[in-house]
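Peer 1: Add chain B to chain A, keeping to what the hints say.
Order-wise, the sequence lines are chains A and B. Residue numbers for the first sequence follow this note's numbering, so the first one is 1 and each next one is one higher. Residue numbers for the second sequence follow this note's numbering, so the first one is 1 and each next one is one higher.
Think of the hints as simulated: they come from the structure by calculation, not from any bench. Think of the CB as a built atom: it goes at the ideal place given N, C-alpha and C, for glycine as much as any other residue. Please note that a few of the clues may not be correct.
Away from chain A, derived, C-beta distances all over 10 Å, residues of chain B [said to hold, decoys possible]:
| id | residue |
| --- | --- |
| 1 | 2 |
| 2 | 8 |
| 3 | 10 |
| 4 | 20 |
| 5 | 22 |
| 6 | 28 |
| 7 | 84 |
| 8 | 112 |
Within a straight-line C-alpha distance of at most 25 Å, the following computed DMTMM-like cross-link-like pairs (lysine to aspartate or glutamate) qualify [claimed, not checked]:
| id | chain 1 | residue 1 | chain 2 | residue 2 |
| --- | --- | --- | --- | --- |
| 9 | A | 49 | B | 56 |
| 10 | A | 49 | B | 99 |
| 11 | B | 15 | B | 68 |
| 12 | A | 49 | B | 44 |
| 13 | A | 69 | B | 99 |
| 14 | A | 58 | B | 99 |
| 15 | A | 58 | A | 15 |
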Amino acid sequence: AQSVSQHNHHVILSEAASLELGCNYSYGGTVNLFWYVQYPGQHLQLLLKYFSGDPLVKGIKGFEAEFIKSKFSFNLRKPSVQWSDTAEYFCAVSSSSNTGKLIFGQGTTLQVKP
Amino acid sequence: GAGVSQSPSNKVTEKGKDVELRCDPISGHTALYWYRQRLGQGLEFLIYFQGNSAPDKSGLPSDRFSAERTGESVSTLTIQRTQQEDSAVYLCASRKGGDTQYFGPGTRLTVL
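Looking at chain A on its own, in the form it has when it is part of the complex:
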């Protein structure tokens, strides 16, 4: 069965610090990969996605993620976080060949201190 593992459950950073959130998945076939973000009081929204092509994907608000197939990983990065990045971050996977249903990791709560 597919599964997604996010290594960090709660991360606290100061503004301007660099961010890397780990995500590993378990699935033998071709996958689509996503990072979603939920800001306090808001809907879950897409940060970035990888379907194919360049494994380094750039998303909104300066975020990027790198798909490393050999490591089954899709880590999220940002060089310099801002207080407004405080949110919960979810990594998700879907199989390229199925219904598009998403398998989510448990989420990482990021708290950025001003």
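Peer 2: Positioned in the frame of chain A, the structure of chain B alone reads:
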């Protein structure tokens, strides 16, 4: 245009009662998904609708859970004889073609 909407935003019910949750997808979105997020956990897939095809019910946790969707419009998720472990945020998402899933605000269900 409007996003995905869900109602009610909050629902408190007593153990053993039935509840019905509603999702209005984005107009023109043929695919609709229901997910559940229990406290401290990630989202779990429940059910998927695509047009008039048979739904993928593989994520429904028990036969107390059912969902309906008429064509490409509103969907309702029904939980019969609610249990305390059903307490969660229930999220609906819709999608057009192979594009991104857009999520609604969720319904927070509390079973006392």
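Peer 1: Now look at each hint and say whether the structure bears it out.
Peer 2: We went through each hint and held it up to the structure:
With 10 Å as the threshold on Cβ separation, the claim that residue 2 of chain B sits away from chain A holds: the shortest Cβ distance comes to roughly 12 Å. The Cβ of residue 8 of chain B lies farther than 10 Å from every Cβ of chain A, with a closest approach of about 16 Å, so its non-interface assignment holds. With a minimum CB-CB distance of about 14 Å to chain A, residue 10 of chain B clears the 10 Å threshold, and the non-interface call stands. Interface exclusion of residue 20 of chain B from chain A stands, the closest Cβ pair being 21 Å apart, more than 10 Å.
Residue placement check: residue 22 of chain B keeps its beta carbon more than 10 Å from all beta carbons of chain A (closest about 16 Å). Non-interface status of residue 28 of chain B relative to chain A is upheld: no Cβ of that chain comes within 10 Å, the nearest being about 16 Å off. Against chain A, the non-interface label of residue 84 of chain B holds: every CB pair exceeds 10 Å, the least being about 21 Å. Every C-beta of chain A lies more than 10 Å from that of residue 112 of chain B, the closest at about 25 Å, which supports listing it as non-interface.
Proximity of residue 49 of chain A to residue 56 of chain B is assessed by CA-CA distance (about 23 Å); at most 25 Å being required, the pair is judged to hold. Distance restraint check for residue 49 of chain A and residue 99 of chain B: the Cα-Cα separation of roughly 10 Å lies within the 25 Å cut-off, and the hinted pair is therefore satisfied. Between residue 15 of chain B and residue 68 of chain B the alpha-carbon distance is near 23 Å, which keeps this suggested pair within the 25 Å criterion. Between residue 49 of chain A and residue 44 of chain B the alpha-carbon distance is near 19 Å, which keeps this suggested pair within the 25 Å criterion.
Taken as a hint, the residue 69 of chain A and residue 99 of chain B pair is honoured in the structure, with Cα atoms around 22 Å apart against an allowance of 25 Å. In summary, the hint linking residue 58 of chain A to residue 99 of chain B is supported, as the alpha carbons are separated by about 17 Å, within the 25 Å threshold. Between residue 58 of chain A and residue 15 of chain A the CA atoms are separated by roughly 21 Å; this keeps the pair inside 25 Å, and the hint holds.
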